[in-house]
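Enquirer: Whole structure, please, built from the sequences with the hints as guidance.
Chains A and B supply the protein sequences, listed in that same order.
Under the numbering used here, think of the first position of the first sequence as 1, with each following residue one higher.
Under the numbering used here, think of the first position of the second sequence as 409, with each following residue one higher.
Treat each hint with caution, since some may be false.
Claimed, not checked - What follows is a set of in silico ranges between Cβ atoms, one per label pair, in the way DEER data are often shown:
# : chain 1 : residue 1 : chain 2 : residue 2 : range
1 : B       : Ser626    : A       : Arg408    : 29 to 37 Å
2 : A       : Ala381    : B       : Asp761    : 53 to 61 Å
3 : A       : Ser183    : B       : Pro941    : 26 to 34 Å
4 : B       : Gly945    : A       : Ser183    : 26 to 34 Å
Think of the hints as simulated: they come from the structure by calculation, not from any bench.
All values derive from a computational prediction rather than experimental measurement.
Note that the Cβ used here is the ideal one computed from N, Cα and C, for glycine as well.
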Amino acid sequence: MTARAAAALLLAASLLACKSEVVCTTDQVTCDGQCTSLQSDPTSCGACGRSCAAGQSCSAGLCCQGDQCPPAVYAACFNGNAVQGATGSAVPVGAPLPMDASGPIALAWRGASLWVANSISNTLNRMMVSPAGISADGPFPTVSIQVSGPFSDLEYLAEWNGLLYVSNAAVGSLVVVNPALGSPVVAEIPLGDFSYPQGMAFHGNKAYVALNGTSQVAVVELAARTVKFIELGALGTVPGGALPSRLAVSGDRVYVTLWNLDSFYAPAGNGRLAVIDTGTDALVPGVNPVDLGTSCLNPAGIAVEAGTAWVTCGFFPWDAASAADITGASIVPVAVSGATPLVGAAVPVTLAAPGALTFCNGVGFAADRFSGNVLRFDPVARSVTGRGLVCPPSGTGSSFVAAVACGR
Amino acid sequence: MRRPRARRVLLALAVTWAGLARGTEGPPQAPVLLDEQVIRLPRTPAAQDPTASATVVEAERFAGELKGVAELAATAPGVAVRSNGGFGQLTTISIRGSSSGGVRVLLDGIPLDTAAGGAVDLSTIPLHWVDRVEVVRGAEGAYFGAGALGGAVNVVTLPAVAGKWGAEVTGGSFGTVSAVADVGVGGDRWALLAAVTGGATRGDFPYLTPSSPSVPGSPLVLQTRQNAAAAQGGLLVKGKWTPGADRLDGVAQVSWGWRQLPGVPASPTPDDWQRGGRGSGALRWSRLLSSGLTLEAGAAGRYETLDVTTAPPGGTGTTDQRDAAGGGEARVTWEAGGSLFTAGALASLERLDSTASGDHQRPTFAGWVADDFTIGEEAARISPAVRVDAVGPYAGVSAKLGGSVRVAGPWSLRASAGRSFRPPSFSELYMVQGPFEPNPDLRPEVAWSVDGALVYDGPPGRASVGGFGALYDDLIVYETGRVPGSFKPQNSLRASSAGVEVELLTAAAKKLWGLQGQLSYTFLATQVLRGVPGVVGKELPQRPRNRAFARVSVDPGPAGGHLEAQFVGLQYLDARNIHSAPASLVVNAGAFARILRNPEVRIGAEVKNLLDDRTLQDGFGYPLPSRTLLVTLRIGTSPENRE
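Expert: As structure tokens, then:
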């Protein structure tokens, strides 16, 4: 064997090896060399190649028809004042669970219960999920968070170590709720006047909270309930325009979406990310801000899947006449496994403004902030593979899908 | 994701000219036989609507006390006050469960509501100007013009009385100072009053607030109110001239105010402030003819400015507003037999230039007829009234039918029913600011009301016990807009209110050190009949079910004093009735001593919030002042020479 032949064989072997080493997420398998979820793929439902009949969906690895499908994802319908389940194909399933006009804005699982934070009524509701569908777990509201005057504005809800954490934007605080107690509201951590706390993420014993009003991230030591602040004001195109919103943790870093708007709440430039080192609780030197590119305006949601942070983008003005007025709508991949975040090619999104984002068994679900759809997103194919009207518009024609959460 | 964080913006309202300088003295022989349907002591001219459920609050009874228009009005039943703090801070009222924007407020007959909408801020009326406050409850559009859904408040300024003069200075807690000087000159056929007033406060009172507002039972911490200073001043000139059978009344008012805007404790606004001014004037001519006919004609105008600065991060910058209105009115009154017939018409134009809603103007045309029949030597009376208002493109009819019958001796029964409407405001129609959308398709709000009462009016005093009901329909509220996160006004709310009103005013024991007593009580039950699902069937927020006021005073001669209490029951803070504010009780007390009788020199002291409850707040979360001491020194015409 000549050296050239040996090299050729080595190359061929390496190519074969590359071909066989398709990298899938933990919830995916390889079918015909493609990553797929046997839980939700109607062409490989429960097993590779097991296709569902026409019109059927694949949910939890079983082919099912319409209402018989258990929800793969739940959506908080802000304008419709309900929580609605949907199949893996983003088809509504079961009846919506009304929230009494309270403005459901965030969802979080705690054990077997799905919790919803209601922005307008300043309350939390606990729901039961069963094969029969979603239902109230006791009378609503489950937890009432005291208001200061008539103003209420809960913005986000998350569970960590059995406690619920609520962003209370009207007060500028992080409210700690222990549902196991008779008086469940156990603590309130001030985050600053007009700090307008929004999304949060956890790492170790710390919570990172996006302070939209003051362009900061609050680092909350959960045990001591002390707070320190990371300034992000300089990361916007204009002063005060960084406007952090949602966060995601990957490794020892926290990634924060920045709206990057001007004083009139119009885009001041491309959407941006801030990157925080959880070891130093400071901005990572040399990488901030991460420019998400011209295809991304007003970044809203973020979720990490298999070493990639996916960021949803899209801007619409207050006087938008239709979804055609949405600009900069996309889902942008940012490789976060290396030292320097690498922004990939944006996945374009048409006629929608994707916001909240979650991955369920390897399938992405993005909430449309404009017209009530839930978008089904394939992170491997890097494409939007479907959409369904999960939150029908209210009487005014408005429909804001505020949050999505995976089914269980 | 982007969601609105703009401040709540004051909205809504309408405008028409309801009357011209009615606060000045009427024609000297005005043939108006008014039923004794108002609580007053001593007897005073009655309100504009002769058979209405009304209370006339004489400022003289509260002489030497630093009470604003809202505090005086709050002594009447049916009235709920919203106050953002102490002296000079935003103060509005609602009547019988209406929104505060559904109460018509007039200063000497000149409407103070503007086309911008929202409630009239009663704190902008200098308190030293007030001679009396007429609180009229019910749908009163037939008498006070479009906009009076829940009722009307007519503030009557000091009369022009020749030879009357006075000066008063007040100083007290939290840097509060106030001064007024007034003088009346004149002759047999004329009188002129000039009054100048000014006041200021630091407003830095202590209050208690939860250390963690979201956690029930969290410890209270002591805070000092910041950014709550205020200052205001004004000049009032008022006159009358009676050459022969004619009479000419005129009034000119200029006032100016500045105040810091402190915000609520959970969201303080240390850099926010506002300033504004108002100039208004009215001229009225009247002639009493021998045939029992009285002719009146007049003109009035008003110019008002308001600049509000809200600083980042919570604020949005500066909002400026300029409002000008003017018009004329003619009226004829004819007395024949037991009938007192009135007919009138007015035309006016209002122009509003606002950075929030643009530059708009609209005319108002109105015409009305009213009669007041007395039957059988005033054993009974019936008072029908109809008024048609055309405010810009919005035309509507307001009507009122009232009656009373003397049952036996000092006892009588009265009842009335009315309908009013309120055209959409320029803010609701045109405002485009951040997430707020305009809605040019809005319809007027409508109110229907009924009430009835058993009235006693005898030597010991006056008392009444009555019930009322009201239906407010097509109320304009901000719903979610077409674009997610935006808000758009809609005619989506229907609500009802019903309740009981009790009032008692007695001087039965006046011989005993001049003892007087007053009691008023309101039970109010409201319910949302149409709206978003979560609020239907619930009570309207900021409408306490129970409210009571009680006062006793003594004035034996050289000295006197008073003790009063204001109780406000539990009230919901939100439309879903999940959150509530507890009941509160405020006790005030005061005393005075006459150092000289003629001229009268008197010194007085008043303690507000005597129990020093530092947890008091209004229904919108604004802390109210802790114990406040005010000392007043007054010199002026003796009581005998003031009449």
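Enquirer: Hints first: check each against the structure and report whether it holds.
Expert: Hints versus structure:
The hinted range of 29 to 37 Å is satisfied by Ser626 of chain B and Arg408 of chain A, whose Cβ atoms lie roughly 34 Å apart. A beta carbon spacing of about 56 Å between Ala381 of chain A and Asp761 of chain B agrees with the range 53 to 61 Å that was offered as a hint. Remark: the range hint 26 to 34 Å for Ser183 of chain A to Pro941 of chain B is upheld by a beta-carbon distance near 29 Å. Between Gly945 of chain B and Ser183 of chain A, the C-beta spacing of about 28 Å keeps the proposed range 26 to 34 Å intact.
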